[in-house]
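Participant: So the chains spell out like this:
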Amino acid sequence: MTNSRFFVPVCCVLIFAVLVGIGFIIPQWAMFLATMALAKGLVALGIVILMRAGLVSFGQGLYFCIGAYVSGLMANWTGITDIVLLSILGVLVSVILATICARLLSGYRGIFFAMLTLSLSMILYGALSKMSIIGGTDGLNVSAPTFLGYAPEGRALGFSLYFYTCLVSVIAGGLIRVYFNSERGLTALAIRDNELRVEYLGSSVKSAISSGYIMAAAVGGLGGVIAGLAIGHVDPEYAYWTTSGEFVFVAILSGFFSITAVFASSIVLEVVRSFSNLYFPNTWQLVLGVFLLIVILLLPNGLGSLFSKRRRKGGSE
Amino acid sequence: MTTAESSTTDFVLQAKNLNKAFGAVIAANEVNVAVPRGAVWSLIGSNGAGKTTFVNMVTGYLRPDSGTILFNDKDITGLEPRKITRLGISRSFQIPQLCAELTALENMLVSLSSANEQASFFRPAHSAESVANATDMLERFRIVDYRDRTMAELPAGVRKLLDIAMAITGEPQVLLLDEPTSGVAAEEKYPLMDLVMEALDGSNVTVMFVEHDMDIVARYSQRVLAFYDGQIIANDTPDNVMQDDSVRRYVTGGAVATAGGV
Ligand SMILES: Nc1ncnc2c1ncn2[C@@H]1O[C@H](COP(=O)(O)OP(=O)(O)O)[C@@H](O)[C@H]1O
Ligand SMILES: [Mg+2]
Chain A
1 MTNSRFFVPV CCVLIFAVLV GIGFIIPQWA MFLATMALAK GLVALGIVIL MRAGLVSFGQ
61 GLYFCIGAYV SGLMANWTGI TDIVLLSILG VLVSVILATI CARLLSGYRG IFFAMLTLSL
121 SMILYGALSK MSIIGGTDGL NVSAPTFLGY APEGRALGFS LYFYTCLVSV IAGGLIRVYF
181 NSERGLTALA IRDNELRVEY LGSSVKSAIS SGYIMAAAVG GLGGVIAGLA IGHVDPEYAY
241 WTTSGEFVFV AILSGFFSIT AVFASSIVLE VVRSFSNLYF PNTWQLVLGV FLLIVILLLP
301 NGLGSLFSKR RRKGGSE
Chain B
1001 MTTAESSTTD FVLQAKNLNK AFGAVIAANE VNVAVPRGAV WSLIGSNGAG KTTFVNMVTG
1061 YLRPDSGTIL FNDKDITGLE PRKITRLGIS RSFQIPQLCA ELTALENMLV SLSSANEQAS
1121 FFRPAHSAES VANATDMLER FRIVDYRDRT MAELPAGVRK LLDIAMAITG EPQVLLLDEP
1181 TSGVAAEEKY PLMDLVMEAL DGSNVTVMFV EHDMDIVARY SQRVLAFYDG QIIANDTPDN
1241 VMQDDSVRRY VTGGAVATAG GV
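Same order as they appear, the protein sequences are chains A and B.
Letter 157 of the first sequence, counting from 1, is numbered 157 in the numbering used here, and no numbers are missing.
Letter 47 of the second sequence, counting from 1, is numbered 1047 in the numbering used here, and no numbers are missing.
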């Protein structure tokens, strides 16, 4: 069944229908929360792509920030507010930058890879903080997006943004699922296990890692565009290490077997954050920490192992 | 098993004056070999004699300090393992190099898709065709019963066979087997070698295998390279090599050598 080529598209359509349906019944604050959760889920999905090849990026905030600034600056400088165009631009800039960074990063593994990605994002943070023409640490405001000529306001705007976010998340999720199931996707898992063997079978580990990193940047930039437009404001914090840390949190929480779990984990994080903020304003990180600890102890392969038929036994991670 | 040794000028693999030192240890000392296409040769020598180093240099894991390696008369010295694999030299490992979290089938699928230069971002790894090919390969090595097991659940002999099966999916011209029977129970050594030879039958692959058991050497190889201290001290038929004084002194120790450690 799951091998049918229609399986992924059918799942995507069903999930999209359910998400849109939910959009009709939830209040506006929840819709905003869901939009943000999906946008950040896209970024975390990038980390999951890398995790499958045995790497963790601690700097996906870099692309999140770039996507957000592309939408902010484009709107301010050129007056482009079309969300589709902004998404394409945000992804394009991210991919170009990632292609350059990948040349450097693909030679590193483990903690070195993580630290390098982290420092790249902190360089952007530092640079943006100093650039007063684009707002410095205050950042800048982003005008509301339009949707192929449609310029909604109020609740309609929130819903349109939610609808668009669901659409691109489902499409991105579907494409990445196709990649995970593909020959190259399996090779990534093999690299995680035994890089030497993969090289000896004739595949390039470096190019596999580069392409994973570039894909991760693409979804990271996309998530950033949406987040910037949803919040209506961008600032260098998007590239700060704590922001990147949240994406890593989501990725570890979800594990790398299920894409749905990534978005679900992102929603969990947003919900926990909102409510903890309300009830324990100063200690919500503590709540998150305890929550993550429990998940790691009970489900070493992440929440995704609940959804996935693979390795429910909880392998030796 | 006696393949055309007649066209002796057709050397598929040549090593010329290979040297390799690790600090004070000389792991290869003026190694010269010319292997005719389709030959089945064995490499013997006590532990630390330089057999694995030879395999590592030919397959690009180690770059020789000096000397050249020719594959079909093309200089491949110091190329990356991946490129050498693509050209047609593949290897198995003394300690099987498998993907531990993947099943036996998935390990085969990884090697199948790697063998294909146009491995796809879209084509499913588990396509019916690939699964059939991978299963077929596991059947040839009689390990299809372990298809859906991960590596931790496989007996040593099965791991060895899987490691070799993965090495030959790319249809190499030269196959280097580093101690295919080590770590395998004595009574499984012959069946294992039979399976490997059967799987290669008719493919005209040139095989070089590292082996400690002289009976296996005598039975499966046409020619033997005896290593000692990084040098090739004998290069002859199994019978002659076993009569050779220096081989008796430095390698077989007079008696028939037993399987060495890892
Ligand atoms: N990567 C390495 N670093 C340092 N010394 C090595 C390395 N590889 C092999 N050696 C040394 O080179 C010699 C030959 O080793 P090896 O080729 O593995 O022997 P064999 O396979 O015949 O048992 C040994 O003394 C070994 O310790
Ligand atoms: Mg050895």
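Don't read these hints as lab results, they were simulated from the structure.
Wrong hints could be hidden among the right ones.
[To be verified] Cut-off 30 Å, straight-line C-alpha distance, at most; resulting in silico cross-link-like pairs (DSS-like, lysine-lysine):
#, chain 1, residue 1, chain 2, residue 2
1, B, 1074, B, 1016
2, B, 1016, B, 1083
3, A, 206, B, 1083
4, A, 206, B, 1074
[Said to hold, decoys possible] A few chain A residues that face chain B, going by a derived Cβ cut-off under 8 Å, partial list only:
#, residue
5, 204
6, 273
7, 282
Where a beta carbon is used, it is the ideal one built from N, C-alpha and C, also for glycine.
Participant: Check the structure against each numbered hint from earlier and tell me which ones fail, lowest number first.
Facilitator: The structure conflicts with hints 6 and 7, although it agrees with all the remaining ones.
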